Amino acid sequence: MIKNRKFSTSLFVGLCLLFQYLPIIVMVIFSFNSAKSLSNFKGFSFYWYEELFKNNELMSAVFVSVSIAIIATLVSTILGTITAIGLSKSKKIVRQIVLQLNQLPILNPEIVTAISLMLFFAAFKVDKGYMTMLFAHIAFCTPFVITNVLPKVRRLDPNLSDAAMDLGATPFQALTKVILPQIKPAIFTGALLAFTMSFDDFIISYFVTGNGVQNISIAVYNMSKRINPSINALSAIVVFVILGVLALSYIVPAIVKKKTTSKVRKRTARIVIALSCLALVIGIAVRESNKPVLRVFNWGEYVDKSVIKAFEKEYDCKVVYETFDSNESMYTKYTGGNKYDILVPSDYMIERLIKEERIQKLDWSLITNRDSLDTSIMNQPFDPNNEYWAPYFYGNVGIVYDKTKVDEADLGQGFEILRNQKYKGNIYMYDSVRDSFTVALKALGYSMNSDNDAEIQEAYQWLANQKETMAPVYGGDEIIDSMKNSEKAMAIMYSGDAAAIMAENENMDFYLPTEGTNVWFDGFVITNECQEVTLAHEFINYMISDENALLNTLEVGYLTSNKHASAIAKEEDFEGNSAYGIRTDLTGNDEVFTYQDNALKEKYAILWTKIISQ
Amino acid sequence: MKQYKKLVIPYIGWLLLFTLLPMLMIALYAFTDGTGEGGAMMFSFTLSNFTKFFDPVFVKVLFKSFVLGVITTVICLALGYPVAYLISKCKERTQTLLILLITIPTWINMLIRTYAWISILGSNGIINNMLSAVNLPPATLLYTDFAVVLGMVYNFLPFMILPIHTALTKMDPSLNEAAMDLGATPLQTFWKVTFRLSLSGVLTGITMVFLPSISTFMIPKLLGGGQYALIGNFIEQQFIQIGDWSFGSAVSMILAVIVILMMAGVSKIEKYTGQDQEETHSDKKSKILN
Amino acid sequence: MKKLIQLKNLTKEYGGQVVLKGINLDIHENEFLTLLGPSGCGKTTTLRIIGGFEEKSGGDVLFDDVDISSLPPYKREINTVFQKYALFPHMNVFQNIAFGLNLKKIDHSIVEQKVTKTLKLVGLSGFEKRAIDQLSGGQQQRVAIARALINEPKVLLLDEPLGALDLKLRKEMQLELKKIQKEVGITFIYVTHDQEEALTMSDTIVIMNDGMIQQIGSPTDIYNEPENRFVAQFIGDSNIVEGVMLKDYLVKFDGQEFDCVDYGFDDNEEVDVVLRPEDLDIVELGQGKMSGEVETIIFKGVHYEITVRCENRHYLIHTTDYVEVGKKVDLNFYPEDIHVMYKMGTY
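Chains as they are written, first to last, in the numbering used here: chain A, 2 to 615; chain B, 80 to 369; chain C, 2 to 348.
Misleading hints may appear alongside valid ones.
Mimicking BS3-like on lysine-lysine, the simulated pairs with C-alpha atoms at most 25 Å apart in a straight line are [stated by the list, open to error]:
#1 A:K92 x B:K84
#2 A:K93 x B:K84
#3 C:K57 x C:K76
No lab work stands behind these hints, which were simulated from the structure alone.
Every value quoted in this text rests on a predicted model; they were computed, and no experiment measured them.
Input sequences plus hints: build the corresponding full structure.
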């Protein structure tokens, strides 16, 4: 009977572990995939591991994640433990107040903690980067240590420390020799929890970092547009390392005698402390450099990294390169106190930045490659005289469809095809207020910038009806990979992403509805606070040169503003790719987004929330 | 031992600086109607941000978040308690190993693990490929309620197991023997003694699962196909997409107040179970000793 | 008296280590039996096997002539008072005591009545609503006893229950336990390492060492007639001397031959001889059987504790008469004061 119970015990725990490890196993397997897909295994290769070690951005993210996790764990464990010991002796009122405050970071949604810390650092004009991230991590890790350690401390015999001191121990010795050994398991659990929280944190880190410092989570998030299996390789390595260490720590004590292990343990503890001090020093030192620094804030996966490196070399400077995933998060970070020299916003955001006087006029005399720019896309309504922006990439929003599943004849319906019952449950919408309303407004024949209440209501009805009758899936950047994998028949897609999909899946095609769609432009702007104005112009000029524009467009898949480069790309890599050549003629029904004021934005947002939550 | 009291001082300073002050800034936004355009500090007192929230749309979002949170928590508890219990019955070394094994997955980036679920559950994913390999009809798994709950349970399960396991190992085994001795069957012993005494761990687990599961937005977004407007999503939207920091702050505060009220209720339960009394009494004792 | 519990050749192994090496013991109805021995002797293990918390490795455990070794604890008519009481911290005094009855789904008014009665028995009337941690050690002890007794078990097991109490309280509780046992009229099996406690309370004492029973007997038997050196050493102070039994009624130790009352040994068998300190008298030089010099004298309240250095060893003497240190004296004793024991191997 006992054996039976043992068996069912291990079966249950085993199944639970399998559940926990299933995605990790999948991840490890796909890290050896020769193709880029995360769901289709094409063949075995170490390609992504090579890519990983070549990827400086990822490697430094690994360094940041690991060093911050170790230091934050160390500091918060020490701080939390001594606080717990102090709390156990302090007055009830003090303890309760401290504990209540201590609960705040645990109870609050992470996004609130994140924003509050961002506001805090901004208010005190703290330069964001490694140290701010470290402090934030300590701030949210320590409460977990305290809540773990305090109960254990309070269960201790209050006479223990007295006894030790009676025997001649100083208070410090009493602490380290008597109290700490007793509460060691709780401290260990607390430290483990702190490490876990810190290592995997995304939201808080994202808002309190700056100056190009990013951890693994931020790197992954920024990569989501072009899922890069290197990140799987990285995670696989993390898994292997942890399992290796675990296996060692499980096997070694069995072989080595206990006395030596305690010595070894002490030695390892010292090594860990020394390493983390080193990491801290390096972390601080990384920022120290005499070269001029250019801080660029660009979309994720929106450049060929080699171009940036070449620029650094040629102009003997350091480019602190950070990425964002939406105009709005870029705006929030920028206005939240992060300092940048160059931003790459889209049309309506450029309009807003101009209105709010946050960017400075360009000195076109420094941008000698201007002549290579496609003049047909210049002079847009948001900046009619090109005083502020230099175009980088541009494109449309259209429908990617699977030729094997979608009847070409149905495409004549334009956006209405998204309400065609034939494709029920087989479409992706874009999980964004503006893009979704664009679809509806355009399907109804209105302007996508409409501020007319009746039109907006009608568009809302359209989308609500679509959700009810079509069961669409509202996705983000992850649908790029899903479409490469033929997950659904149709998806609303940005043209550059569509081009990437079509390059990998020959069944896919791109369609721009005739009733008009969004034409968008992303361009370089220089901030007011820019310290290196000349260098910033040189950077812009460098990026749009024939040679570099070609490298960028081939890497990214979006249509470049450089006419020579785009001509070459169209003839070579993107030959016959309908998503690469797009419609920019604004005389028809196509439009560019205009900036919406808060009231209008909120009106749309509330309706969108209604649709999603219906 | 009185000298240890001073050990609290550094952290009090830390809390004031890195927790209270930032929170006050949020509160400042919540009670004012500055445009919130990034640090434009034009404040005038208002309650409109709070009244605005009581629109049926938003209340529904809040309600849905809580429902999903409750479902996730219940499943995590139903799965996590037995696991924690079984682990606590193992040898000490095995226990350490198993607890580490359960912790390790949480060190892998949450997004990466969630992407992995997409490739497992997708209509051309691993499960469906296996189904079609044995000539079974494909199953719709991704972008369903099932997928969302699965993803949430997957992510938060370790945070249920760990505190329960800690509570169980802290327990004096002679209490179980005493109950059996007094005529309680193993089931009765478990229910009347073991479970009651592990309640503190259960409550910690519930907190650690429930709180993040009502405010998370990545998992429902990725696995639910954006069908879920949850409160975390909503706050993120206010802060980042719309830029109405005042409204975002107000919603955060409403959420925080609800959560804190719930936690107060939870600590009442804790008191009822006698866990807290023990502590207050030892306070008294140490006071007498001083 | 009827045999209630019989242990037959009981053995127990933990991972290859034998902690019980064949225990044979009969426990009778209404008996106060004490398992006495140093820590690690197997007394607690024996108790836990009777209680059902450990499985035996070999032998039999009979209760009313029925083998109970496969019965779980909750099906045995035996209750236990645990070493650290094991009171449920999440219940108050009433809930703790009523625990067993409530499990049996007994009517609430009866439970209340019984709890009140039992609390009175242990001297804790009016403590019903107290939380466990608001009780002193002695009070917790009484609750633990009440919680076990209320179930009217046939046997109560007590595992060093007084160990955590101070001396005065311990003495009080000893008497009280004895009184309670008399009142409820059930068998108590008591585990302790405190010989005085055992002598005070028990009807029967079982001395254990190294997983084996050394002697079973009444307190007086054990004290006066220790069966071997271990028992003699463990119970009370004694002078234990190696000697040779020349023949019946004649023993030789310290180079002299003495008349004694013991017989039945082999001739010239090596033996241990016990001389209890209170049986030795100090007399003037030349009037006793052995001479020596007073080395120390300690006042013990009722008597003096004196060590006298003789030719071969020191002797311990308890007497009410004062003697000066350094004085040359003789020691006197009578044949019936000499207690001869079989020699045992390793002590």
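For each hint, the structure was consulted:
Restraint check for A:K92 and B:K84: the C-alpha separation of about 9 Å stays at or below 25 Å, so the hint holds. With a CA separation close to 12 Å, the supplied pair A:K93 and B:K84 stays within the 25 Å bound. Distance hint between C:K57 and C:K76 is fulfilled; the C-alpha atoms sit about 17 Å from each other, no more than 25 Å.
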